[in-house]
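Undergrad: These protein sequence lines are chains A and B, in that order.
Using the working numbering, the first residue of the first sequence is number 1, and each one after it goes up by one.
Using the working numbering, the first residue of the second sequence is number 232, and each one after it goes up by one.
Don't read these hints as lab results, they were simulated from the structure.
Computed from a prediction, not measured in an experiment: that's the story for all the values here.
Mixed in with the good hints there might be a few duds.
Stated by the list, open to error - Just the calculated beta-carbon pair ranges, DEER-fashion:
1) A:Gln87 with B:Gly351: 23 to 33 Å
2) B:Pro396 with A:Ala212: 26 to 36 Å
3) B:Asp436 with A:Ala67: 43 to 53 Å
No residue lacks a Cβ here, since even glycine has one placed at the ideal position from N, Cα and C.
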Amino acid sequence: MEWFEPTGLAFFLLLTGDADLWRIILTSLICSVIALLLISPAAIALGFLIAKITFPGRRALVVLVQALLSFPTVVVGLVLYMLLSRQGPFGFLKLLFTPEAIIIGYMMIAFPVLVVFTLSAVQGADPRIYETARSLGASPLRSALTTLFEVRFGVMAAVFNGFGRVVSEVGCAIMVGGNIAGLTRNIPTAIALETSKGEFAQGIALGFVLIAVAIGINAALAWLQGRGGLE
Amino acid sequence: MNPSVARLTGCLLALLMGGTTLAAEDIRLATTTSTENSGLLNYLLPRFEARYGGKVRVIAVGTGTALKIGEKGDADVLLVHARPLEDKFMAAGFGSVRKDVMYNDFIIVGPKKDPAAVRGGKDVIAAMKKISTSGARFVSRGDESGTHQMEKEFWKDAGVAAQGPWYVSSGQGMGQVLTMAGQFEGYALTDRATYAGYRDKTGLDVLVEGDPRMFNPYGVIVVNPAKHSGLNTRGAMAFANWLTSAEGQKAIADFKISGLQMFFPSAK
Chain A
1 MEWFEPTGLA
11 FFLLLTGDAD
21 LWRIILTSLI
31 CSVIALLLIS
41 PAAIALGFLI
51 AKITFPGRRA
61 LVVLVQALLS
71 FPTVVVGLVL
81 YMLLSRQGPF
91 GFLKLLFTPE
101 AIIIGYMMIA
111 FPVLVVFTLS
121 AVQGADPRIY
131 ETARSLGASP
141 LRSALTTLFE
151 VRFGVMAAVF
161 NGFGRVVSEV
171 GCAIMVGGNI
181 AGLTRNIPTA
191 IALETSKGEF
201 AQGIALGFVL
211 IAVAIGINAA
221 LAWLQGRGGL
231 E
Chain B
232 MNPSVARLTG
242 CLLALLMGGT
252 TLAAEDIRLA
262 TTTSTENSGL
272 LNYLLPRFEA
282 RYGGKVRVIA
292 VGTGTALKIG
302 EKGDADVLLV
312 HARPLEDKFM
322 AAGFGSVRKD
332 VMYNDFIIVG
342 PKKDPAAVRG
352 GKDVIAAMKK
362 ISTSGARFVS
372 RGDESGTHQM
382 EKEFWKDAGV
392 AAQGPWYVSS
402 GQGMGQVLTM
412 AGQFEGYALT
422 DRATYAGYRD
432 KTGLDVLVEG
442 DPRMFNPYGV
452 IVVNPAKHSG
462 LNTRGAMAFA
472 NWLTSAEGQK
482 AIADFKISGL
492 QMFFPSAK
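Input sequences plus hints: build the corresponding full structure.
TA: If you want it as C-alpha cells, here you go:
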C-alpha cells in the first residue's frame with residue numbers, strides 16, 4: 001500500500017522525537033487545551049443556567065445555540081480574520097497569524113458545543129438534586145456545582161466533544177493561523193498542505209498520528225472516568 | 232436492495248449529478264492555480280471550446296498535485312510550470328507529449344516603506360540577500376509549488392539559509408501569501424498575474440522585476456494513454472495543439488489584466 005511506508009515513517013519520527021513533527025502535534029494540542037480551559041467555565045455555566053432558569057425567549061436561545069453547532073468553522077475564521085486584520089478593529093493587537101488567534105477561534109467554535117451538551121446533561125439530571133441541596137441550606141452556586149458534579153460524565157462528554165471539534169478542524173486554523181511552519185502549523189493544516197503538495201501518503205500518515213493522539217487522550221480520560229465510578 | 236428503492240436512488244443520484252457528469256468528449260485539465268486565478272483560463276477556454284465542441288473541466292491545484300493527478304490518470308492533460316518536475320514526469324513515461332506554451336514573469340513585492348531598500352533593483356539574488364538581513368519578514372509559499380522551487384533556488388544562489396523568525400513558511404497559495412505579506416508588511420516572490428489581482432487589497436508595491444531568472448515557463452503535457460485506460464487523449468491532443476497554434480498563442484498574448492500582458496507565448 002502506498003501510505004504504509006510513510007505512516008511507518010511518521011510513527012518512527014513520532015517515537016524518535018522529531019522536532020518538526022512534535023512541534024505540529026504540540027501546536028494542535030496546546031491550542032486546543034488552552035482554548036477549552038479558557039472557555040469551559042463560562043460555557044458550562046451558561047448551559048446550566050439555560051437548563052435551570054425559565055425566561056422569555058429561552059426556546060429561541062436554545063434553537064440558536066444548537067444551530068451554531070452547524071456553523072462552518074471557516075466562517076468563524078473569516079469573521080475573526082476581519083476583526084484581527086491590520087485594517088480591522090483589533091488590528092492593533094497584531095494577533096493575526098499567531099497561535100493566540102487560533103486559540104480565540106477554537107474558543108468560539110467550542111463554545112456552542114459545550115453549552116448544548118451541558119444543557120442536555122443538566123436537563124437529564126434529576127431536578128431533586130438541586131432542590132435537595134438548596135433545602136439542606138446550600139447556596140445556589142454550591143447547589144449548581146453539586147448538580148454539575150452529579151452529571152459530570154455528561155459535562156466531560158461536552159468537553160470531549162469540544163476538544164474533538166477543534167482539534168480536527170482546518171478552516172479556522174488555516175485562516176487566522178496562516179499555517180506558518182514552526183508557529184501555527186498544526187496537524188489538520190499540515191495535512192491540507194501535504195495534500196496540496198500532492199504528498200497524499202504523508203497526509204494520510206499525519207491523519208493516523210491525529211487518530212493515535214485522540215485515542216491516547218480519550219483512553220486517559222476514560223480511565224479517569226472509570227476510577228471516578230469506583231469511588 | 233429493493234428494486235424500487237434502487238431506482239429511486241439512481242434517479243436521485245442522476246438528479247444530483249445532472250449538472251456535473253462528465254460527457255465523453257469533455258477534457259479534464261489539471262493545472263496550477265495561477266492560470267485559473269489570473270483569469271487566463273476563463274479567457275482561453277471558451278475560444279478553444281467553440282472550436283473543439285466539448286467542455287474543458289478544470290482542476291486548479293499546485294503544480295506538484297497537478298502532476299500527481301496526471302500520474303494517476305485522473306486528468307487527460309496538464310498545464311503546469313516546474314520544468315525539472317515536468318522532465319521527470321516525461322522521463323517516467325507518464326506523459327506522451329510535452330510542448331512549451333508560454334511564460335510569465337515573477338517579481339519581488341514588498342511594503343511601500345521598503346526597509347530592505349531593494350526598490351528599482353534588477354538583480355533578484357542581491358535583493359533577496361538584502362531582505363534576509365533587513366529585519367522585515369519574507370513570506371514563502373512553503374508548499375513545494377513551482378513558485379516555491381524557484382524561490383529556493385534563489386536562496387541557494389544568494390547563500391542565505393532561509394530560516395529564522397524573519398522567514399515565514401506559510402504552506403499556502405499565492406493569494407494567501409500576498410495577503411499575509413501585506414499584513415506583516417513583509418516581502419514575497421510572486422507571479423505578476425496573481426499580484427495584479429491583489430495589489431489594491433494588500434498595498435504591496437512591485438520592487439524588483441526584469442531579472443531573466445524570474446521568467447517562468449509553462450508546458451502542456453498530454454497524459455500517456457498507454458498508462459491508463461479511459462483517457463480522452465483525442466481531446467487532450469486537440470487542446471495541446473490549439474494552445475501552441477497561431478490562434479492559441481495569439482489568444483494568450485491578447486489576455487490582459489488592467490491593460491497589462493500577463494503571459495508571453497513561447498511555442499516553437
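Undergrad: Checked against the structure, which of the hints given earlier come out wrong?
TA: none
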